[in-house]
Every structure is written in C-alpha cells, then in structure tokens.
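K.L.:
Mind docking chain U on chain X? Use the hints.
Number of protein chains: 2
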Amino acid sequence: MADYLRMNSDELKKEFSSVKAKYDELLSLKLSLDMSRGKPNFDNMDLCDDALCAVNREKGFKDLSGTDCRNYGGMDGIAELKSLFGEVLGVPAEQVIVGGNSSLNMMFDTVAQGMTHGFGAGPWGLQKNIKFLCPAPGYDRHFGITEHFGFELIPVYMTAEGPDMDAVEELVKDETVKGIWCVPKYSNPEGMTYSDNVVRRMAALKPAACDFRIFWDNAYAVHDLYDEGDCLLNIYDECLKNGNEDLVFMFTSTSKITFPGAGVAAQAASPNNLKMLKNRIKYQTIGPDKVNQLRHARFLPDMAALKLQMKKHAEILRPKFESVLSELNNQLGDKNIASWSKPRGGYFISLYVYEGTAKRVCELCSKAGMVLTPAGAPFPYGKDPKDSNIRIAPSYPSVEEIKKAAELLCIAVRYAALEKLL
Amino acid sequence: MADYLRMNSDELKKEFSSVKAKYDELLSLKLSLDMSRGKPNFDNMDLCDDALCAVNREKGFKDLSGTDCRNYGGMDGIAELKSLFGEVLGVPAEQVIVGGNSSLNMMFDTVAQGMTHGFGAGPWGLQKNIKFLCPAPGYDRHFGITEHFGFELIPVYMTAEGPDMDAVEELVKDETVKGIWCVPKYSNPEGMTYSDNVVRRMAALKPAACDFRIFWDNAYAVHDLYDEGDCLLNIYDECLKNGNEDLVFMFTSTSKITFPGAGVAAQAASPNNLKMLKNRIKYQTIGPDKVNQLRHARFLPDMAALKLQMKKHAEILRPKFESVLSELNNQLGDKNIASWSKPRGGYFISLYVYEGTAKRVCELCSKAGMVLTPAGAPFPYGKDPKDSNIRIAPSYPSVEEIKKAAELLCIAVRYAALEKLL
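Chains as they are written, first to last, in the working numbering: chain X, 15 to 436; chain U, 15 to 436.
Hints in this document: simulated from the structure, not taken from any laboratory. It is possible that part of the hints are untrue.
Same chains, same label: a pair holds when it works inside one copy or across any pair of copies.
Claimed, not checked - Simulated crosslink set (DSS-like; lysine-lysine; CA at most 27 Å straight-line):
(1) K73 x K326
(2) K145 x K292
(3) K292 x K220
(4) K326 x K36
(5) K356 x K145
(6) K397 x K296
(7) K220 x K321
(8) K373 x K296
(9) K349 x K417
(10) K381 x K145
Bound-form chain X, shown alone (with noise of 0.2 Å):
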C-alpha cells in the first residue's frame, strides 16, 4: 500500500527512514541544479545564432522600405515584424508595437502610463484604493509590477479552465478593480491554455471601471511541445464582438523563440489604446533597436519559419518535461500525496505537495543543492495560502541533471509529507 495517507504509524515511520536515507544519498552528491526560473539552456539558443549574422555590411541594412535601420526613427518597429506579431497575436499589422528586447519592460510601461496619464478616466495614480486581479498561481514578476505601483492584489484562484470567471465577473463591478493579468496559454506556472468559453467571458467583461484594462501576456504562444499544440481562442476578435475592443493590451516576444535578453518584444491593442499608448512613446524614445529587429525579420522571415523553428526548441525541451513527468509519476504517483499539470508547452510545470509543505520541500531541495522558485513566489505578496504550490522550471539543465532533479525533488515531497504525517 503506498497511499501515504492511510499508512499507520509504524508504517508511516518505515518509509520515512527509507525516503530520508535516500536523501541523504542525494545529499552526499553536493549537486548543483537550478530549476528556478524558466531560463533556455545554451542549446537552444544556439538554434538562433545565424540571427546574429543576419544585418552586416554584405547582408546590408535596410528593412523591406528602404530604412536604413541602423539610425534613427520608427517609433512602433519596423514593418516586417509587425506583420509577424500580428499573426502570432491575431490582430491586423497596423495595431503591433514592437519594441525592445523585453515585453516585461512593456508591461511596466503600459502600467506606469496607466499611473501617469491613465486610459480614459484620468490617471490611476490620482485614484483610491485601485486594485488588481491575480490569477493565482500565476507569474511573479507581474504580480511585482502592480505592487511596485501601489495597487492592492486580489488572487483569483485557477480552475482547470484558467481563471475563475465567476469571481472575476464578481470583482469587476467594483470600479477600483482596474486591470487583470493573464498568462492565456501555457500559463505560468500552471502550463495550461484558458478555455474558449474563459476567453470568451474574459472579451465579454462590462467592468465598472471603463480604465479597465486586461493585460494578456501571450509569451507562449507558439511554445508548443507536441506537433499538436493546444489552441486558444483570438481574445480580440471576440472583444470586437463585444464591442469591447480597448478592454484587452496583448504582450509576446521572441524571449524564447531567438534569445532570451536579446530578442524582440511586442504589444497590440485597439487603434484607440494605440492612440494613447503611442502618445506617451513618441515622448519616451526616438525608436527601437531596429537593427536587432531586422535581424529577427529576416531570421524569422514567416510564420512557417517561426513554426520550424519551434518545433526544433520543442526538440530540446520536450525530453526535458517528459523526465520530470515521468519522475512525478514514478515517485508520486501512488502516494496520494501530490498532483501536478501535464503541459503541452511552455515552460513550467505546476506541482501541488502536501498541503502546507511546499516551503519545506523547497528547503530541503536547497540543502540538496537545487534552486526552486521560492514556493509561494506564484501567489499575490509571495504568499501561497496553502503553502503546496512549487513551480518547476524543466528547461535551463540538461537532461541528464533533470533527471537527478526530479528524483531529488520527489524524495524531498515525500520527505516532507512523512514528516507531518508523521
């Protein structure tokens, strides 16, 4: 019998000293394994490094108008990638913005310019008590951006479906619920795609704050791990038929397509969220990196060439995941002590420990020499309150430590349930 939780005592105590004496064994390794942020490891990006050559002398440097892109100019990006953007975002060329090497740093724009100037409704920096929905466990770092600005962090729990709707729908008639974030494919850390049906009550929200405004970070996009990717329903197009079409700012960038710190990032939105977001750029730069841009273009010249490269990262990464699920489940699977998502892509999976040692699992695995998030770092204040989610990041080592990864990480999950069973 290996379900933990109708072991009795003596057995529980059996098995403790069984687990504990194979974490000593982990312990005696000294190891050295960094499973803490969804970093590419060096081979997959050097997929990319024909990128790096792409704008010389020879190769030239001008884009498909004739801009020679290595001066001045072009606020909202070169032609080529708009174009690009648009199709991996789903909205017309004309309403892409592309940018530097960060769509974080794009976010934290669109939120400051939120604070400064507002979207409608008078700056949010000016208004009580504003508030920010967050889908939890989602991304860290956003969760930073909206407390950075003072706003005060509602979690909205996750359902199999992506965020819970009923309580979004709930929360928004309060008109200082000014924004959400959304992670709608492969979500971080979950490795989930929101449902049609979540989409679509997402582009129908009537929120009481008409500054409202989803920020739908689709940085996996195109990260499928299977030739049979999930799909996620075009949020804006369902906006449009809401007429709904300001509700909703769209983020991706090439991060982990080409090169992490130096790819291209991009944002899209109504032609009046256009308006207002290009009023503050026009003050905030004389132009983008083009260079880097053309470099990506001619790269990336077509989404069948985005796809081909895709499918070669998905090469890399794909053995990766696997080992860990197969760990999970080889470890974990009977003792009814765990579960854990199955993604079809992205970078993360998302694995629920006993509740109330998630902390403790992370401990343990740190003594051990390996790097987690911090457990709880998904959660609105860093604070998880059941203290059971840790997200794993499979992609930054190689196959061969992911493998003592999991085992280490598994030992330590059942490490930790046995010591509070026990």
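P.N.:
Using the frame of chain X, we list chain U on its own:
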C-alpha cells in the same frame, strides 16, 4: 556698404531684388535637403560596421565575467561597459547603469519614476504646481518629456558660459521647482560647453526641494570636431565637494559613436540615487540587451579605441560644420542681421537671425525643398520669444548638399530680414 541696418530704402529694395533673384534660382532647382535633426550620415555609421559582427558563434557569447550574454539577467548591464561609461561620465564603474538603445528613454523613465515614486519626498505626481527649468534654447525632446508629465516649463536663458546661474539660483528657492535639463558639453543647439564656473555653481545648488535633480545629459561628452576639444568640469566631483552627490543624474550613449538607433545608453548617479533607480528597474525588466552591450564592449574595448573612433567621425563631420560656418560668414558676416555659434564639437550650430524672422526663414527654406528644425522648437512650448533662433544640424546631408543647404539658408535669412526692414 553691407550692413542692412544702415541701408536706406532704395538700397534695401535693390538688395531685396538681388536676393529674391537668387532665391528664385534656388527654388527652381527643386532641392531636397534635410538639416532638421542631429542624425549621423551613412558614412559615420559605416565606420562602425565591425561592431555588428563582434558577437557570433566563432567569437563567443560570453562577457569577461563568463556570463552568456544571450540569456536573461544582469539588470544593470555588463561590467565592461560600466567601466567605459564610467570613464566617459567621470564616475566609478559601480555607479553606472548600462541600458538599452536610448538615453532619452532612460531620462523619460527616470522622470516617470519621479512622478510615481519620487526621489525621497513622495511622488512628484502627487505634488501641486510642479515646475522644471529649461535652459533655452535647448533640446526639444527634453522639454517634451517634462511637458508630457505636466510640469510647468520655466525657461532659463543661455549665456556665453551656460545657463544663467543667477536665475537658476533664484528659481530653485521655490520648492515646486523639481529639476533642470542640461546638455553641458557642446550643448544642443548652442554647441557650447558650460564654463567651470557654471558647473561649480550648478553642483553647489541648495534647492528648496530635496527631490530636485539635475538631468545632466552628457550626450556629446567625447564628440570633439578638433584635436583640442572643449573641457567640461566633472560635475559629480564638484557635487561630492559640496556634499551634494544626490543632486545629479548623468546620462550618455553611443548613439553618435556607433549607431543612432542601435547603440547603448547609460546613466550614472550617487549610491543613494542608484538604490532608488534599481528599485524600479528590478520590476521593469529582467535585463537589457547584453548581446548588443557585448558587441559594443568588443568594438570599443577602452577609451583609446573610443577616442580613435571619434577622430574618424570628426573627419567626416568637420568639413560639414566648416562648410556651413564659412557660408554663414561669407553671406551674413557683414550684414548685421545674424549671429551664430562656432562649436568645436557636438552636432549643432545655433543661428540667430533678425528678430521676428526665424519662422519666415524656415518657411522660405521649406518652399525651396529644405527641412529645418521648426523655428521655436528649442524653446519651452516651442515658443521662441524673439522668433530669432534656428537650429542647424549639418551632420546628415553630404558635404555637397551642405554647401547648397547653407547657401539657401543664408539667402532665406537675408530675404526674410529684408522683407521685415522694407
């Protein structure tokens, strides 16, 4: 007798008909010239093409610390460029933040941070009647940023030594005055360098507002046209002597060293200010484009390499400046209707035409196919009280075009003055 102010009516009419004939001749050439912005020419950018190939598979992706620059991280930039920009700005490397492609963006973000989080005295955005000092003529994009954020722009007139410090010292007694824009070396558009005395008085300011900051945009720090360049006193050293090190934010970039749109920008500040800046940046981004930083570090490994590069730029720019200055001297030197700066570096010549005719001069030039910076642009709210200043940017056209452009400009200056006098 060439002095227009001493001519009688008949002489003026005769001169006007001769000038008009020349203008009509130029008009018939259907010129297409651009002296509107400080944009480097292709020749200048071509000098830097090797930078584009400085990071690739063969040359490697690691900076001196061993970090793979393609991945996430390194919020404040790579060490090599902190050192280089530290030397350019005259501060220790650890006080430098190396960013993206635009120092204007760093300035905008710093003002935005003042608005939402302030610099030790609460957010500027929550304070009433905030004001910003704008040495005029100055850089229109500086003024634009503070206008965008709702500051009242207070003009401070430029003297031969820099901003009128008597006025500045008086104005900062008002605690609603929060900062001043400065381009201290080869200033935009005057092309002059602040005297030691001005820098010392600037560094010794004791503003009523403890959150007052000098925005010291040292955009042309190394941009000499001649072997003997202007010397700018180190403001940070002077601030230190006065216990005033939190008074100043310093900025610079390689926009006019490598590529205008694809260079690297940096800012520097006191340890106390740095702490505040980094507390924003850690939420704003996971890091700048370190690959582009590494390209720059390899292309410009030290100050000697940087200075050599600037000498090459000067060889291209110097004849353009001299061409304009020579034409100004030939056509306008004895007319008593115009004066102009004779910069030894930077990107601009500032021309003062007969009062009340600057707009008309731009209009005449525009009709004949030449774009100039709109008259008034270098003044707060775009309003030159004397309608006399014109910013000349000789960098972008070829030497051949420059000669034609200067000829047309001088004819237009004479044309407009004669219209006014008649």
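K.L.:
Now tell me if each hint is right for this structure.
P.N.:
Evaluated hints:
1. K73 x K326: both (25 Å within a copy, 24 Å between copies)
2. K145 x K292: both (25 Å within a copy, 24 Å between copies)
3. K292 x K220: within (25 Å within a copy, 37 Å between copies)
4. K326 x K36: For K326 and K36, neither the intra-copy (36 Å) nor the inter-copy (66 Å) Cα distance is at most 27 Å.
5. K356 x K145: Neither. Shortest intra-copy (32 Å) and inter-copy (56 Å) distances fail the 27 Å Cα cut-off.
6. K397 x K296: between (39 Å within a copy, 20 Å between copies)
7. K220 x K321: Neither: 36 Å inside a copy, 59 Å across copies.
8. K373 x K296: between (46 Å within a copy, 24 Å between copies)
9. K349 x K417: within (20 Å within a copy, 84 Å between copies)
10. K381 x K145: For K381 and K145, the Cα distance exceeds 27 Å both inside one copy (38 Å) and across copies (54 Å).
Consistency with the previously given hints fails for numbers 4, 5, 7 and 10, ordered from lowest to highest.
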